[in-house]
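*Asks:* Build the full structure now, drawing on both the sequences and the hints.
Top line first, the protein sequences correspond to chains A and B. This note's numbering puts the first residue of the first sequence at 1, with every later residue one more than the last. This note's numbering puts the first residue of the second sequence at 253, with every later residue one more than the last.
What the hints contain is simulated information worked out from the structure, not anything from laboratory work. Built from N, CA and C at the ideal position, the CB exists for glycine as well. Any given hint could be a false lead.
[Claimed, not checked] Once the Cα atoms are required to be at most 27 Å apart in a straight line, the calculated BS3-like pairs of lysine-lysine come out as:
#1 A/185 x B/331
#2 A/152 x B/361
#3 B/485 x B/472
[To be verified] Take a look, some chain A residues computed to stay more than 12 Å from chain B by CB distance:
#4 3
#5 8
#6 18
#7 54
#8 56
#9 90
#10 106
#11 123
#12 154
#13 160
#14 186
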Amino acid sequence: MTTFDPRWKWMRQLAAFAVLLLLWEAAGRAGLLNPLFVPSPSLIGRALYELFADGRIWPHIDATFTAALLGLALGILAGIVLGVVAALVPPVAELLEPVMTLLNAIPRVVLAPLFVIWLGIDLASKVALAFILVAVVIFFTVFNGIRQVDRKLVERIVTLGGGRWDLVRHVYLPSVAAWVLGNLKIAVGFAFTGACVGEFVAASRGLGYLLSFAQSTYNSALMFALIFLIMVVVLLIFAIAGRLEKHLLRWN
Amino acid sequence: MRVRDLTISYGREPVLEGASIEVDHGEFVSLVGPSGSGKSSLLRAVIGLQQPLAGTVEAGYAPSEIGMLFQDDALLPWKTARDNVSLGLTFNGMGRSLALVQGDFWLDKLGLAGFGDRFPRHLSGGQRKRVAIAQVLAMQPKLLLMDEPFASLDAIVRARIIQDVAELVERERISVLLVTHDLEEAISLSDRVYLLSQGPRARITQQYQVPIARPRDLVKARVHPAFGPLYEKLWNDLSHEVDFDRLAEAAE
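*Replies:* Below, the structure is given as C-alpha cells:
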C-alpha cells in the first residue's frame, strides 16, 4: 500500500487543483462547455488580466475594502462595548439580548435594501451592513465569554489582593481579547459579505457592484474573475488575521 | 488564627455547623474529613470568599499576610510564569521591575529557574503547581491556607512538591491550615489534625496531636513509630463518621 507523506499534502492538493483546471480548459476547448455559462480558465484569466491592465479595478477594490474594514472595525468595537455592558449590567442584557438573538436568527443581509433607502447608495449603506453582520457575532462572543470567565481566576486575583480594576485588566480584558481574536476570521468573512452584498444591491463602485454589472451583461468570464478576486482578497485578510491571532494568542 | 462556632450554609441545611479551630503561630494544622464536610468552605470563610451564617473568624493577620493555595492551578493563561508569580506583589504596591525580580527569585526557590518566560500551557502539571506555590509564597504570607493543593498531582511529583513546600513553610515560619482528605499527608505534615464528620451539618469531632518533632523528613515521618497507630486511629474514626451517617440516612 502506498503511504501518503503528510508533509506533501499541499503538493497533492495543488496537483489536484491543476488537474482540475486542465480538464476544465480541455473541456472548454473541446466545445463541451458553453462559454456563456462556464467560460474556460483561460478566458477567466484574460478577464482578470484586463481588470488590472487598465487599472480600472482599483477604485472598486478600494471601495469594497473601505466598506468591509470600516464595518469590521466599528462592528468589533460596538460588539465589545455592548457585550461587556450587557454582561455586567443585567437590565441592559434583558433589553439587548432578545434584539440580538432576533438579529442573529434572521439572515441579516435582508436589511441591505433598507440601508440603501436610509443611507443612500454610497459607502455608508455598505459599512452599515458589514457593521450589523459583525457586531452581532462579536456581541455574542463577548457577552457569553464574560459570563463564562473562570470564577477560579477571579478568586485567585482577589485572594492575591487584586481590586476591581485589576480584575478588569488582568482577567476580563485578556479574556475578551482572546474571544474576539478567536472569532476574527468569522468577523472578517462577515465584513466582506456585508460589503459585497451591499454593493450588489445598489452601488456605483465596488467588487459587488462589478459583479452585479457582470450579471446584467451576462459576462460570466468577468463574474468568475471577480469571484476569484474576492476569494483571494478574503484569504489575504484571513492570513493577516491568522498571523495576528497566532501572535497575540501565543500563550494558548 | 481562630475560628469559633462557624456555621456555613448554601441552602436550607448548613454544610458545616459550629466548627471551632485554632492555628497557633508557626503551627501546621490539617483539617481532614469526607467529601462534602465543608472543609473548603471553612477555608473560604477564613479568607473572606464565603460569608458564614454564624460564628466568627479572627484571622489574626492582615489580609495581605494570608495566602491561599487552591486545588487547581488557576494561573492566568495569558501571563508567563514570571508575570504570574509577580502579580500579587504588584497588587500590593511593589514596582513592576522589582516584582519581576522577586518573581524570578521565587521561581528559582521552587526549582523553576529558567522557566520564567514559559506560559502555563507550556508547563507540566507539577510545574504549574510550583508556579502557583511561588505566586503565593512570594507574597511572604504569615498564614497559608491550602485547599487540597496536591490532589491532582501524580505520586512522585506530589511527594517532591510536598517536601519542598514543607521545607519552605518551615524556613519562613509560616502558619498553615491544610485541608485534605489524605490522612497520610495530614499526619506526616502537621502538628495537629482536626477531623470533620460527614456533611451536611458536619462538625469537628476530634483533634489529634502528632507527636513527631518538626522539621521532618516526610519519608522518615511515615515510618516513625507514632505514625502507624495515629493513622489507624484517624482512619477508624473517619470510617465511623462516614458509616454512621450512611446508617442514619438509610434509617430515614
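*Asks:* Are the hints correct? Go through all of them and say.
*Replies:* Hints versus structure:
{"no.": "1", "hint": "A/185 x B/331", "verdict": "24 Å, holds"}
{"no.": "2", "hint": "A/152 x B/361", "verdict": "25 Å, holds"}
{"no.": "3", "hint": "B/485 x B/472", "verdict": "20 Å, holds"}
{"no.": "4", "hint": "3", "verdict": "32 Å, holds"}
{"no.": "5", "hint": "8", "verdict": "29 Å, holds"}
{"no.": "6", "hint": "18", "verdict": "39 Å, holds"}
{"no.": "7", "hint": "54", "verdict": "49 Å, holds"}
{"no.": "8", "hint": "56", "verdict": "46 Å, holds"}
{"no.": "9", "hint": "90", "verdict": "21 Å, holds"}
{"no.": "10", "hint": "106", "verdict": "35 Å, holds"}
{"no.": "11", "hint": "123", "verdict": "37 Å, holds"}
{"no.": "12", "hint": "154", "verdict": "9 Å, violated"}
{"no.": "13", "hint": "160", "verdict": "4 Å, violated"}
{"no.": "14", "hint": "186", "verdict": "21 Å, holds"}
Hint compliance for this structure: hints 12 and 13 are not met, and every other hint is.
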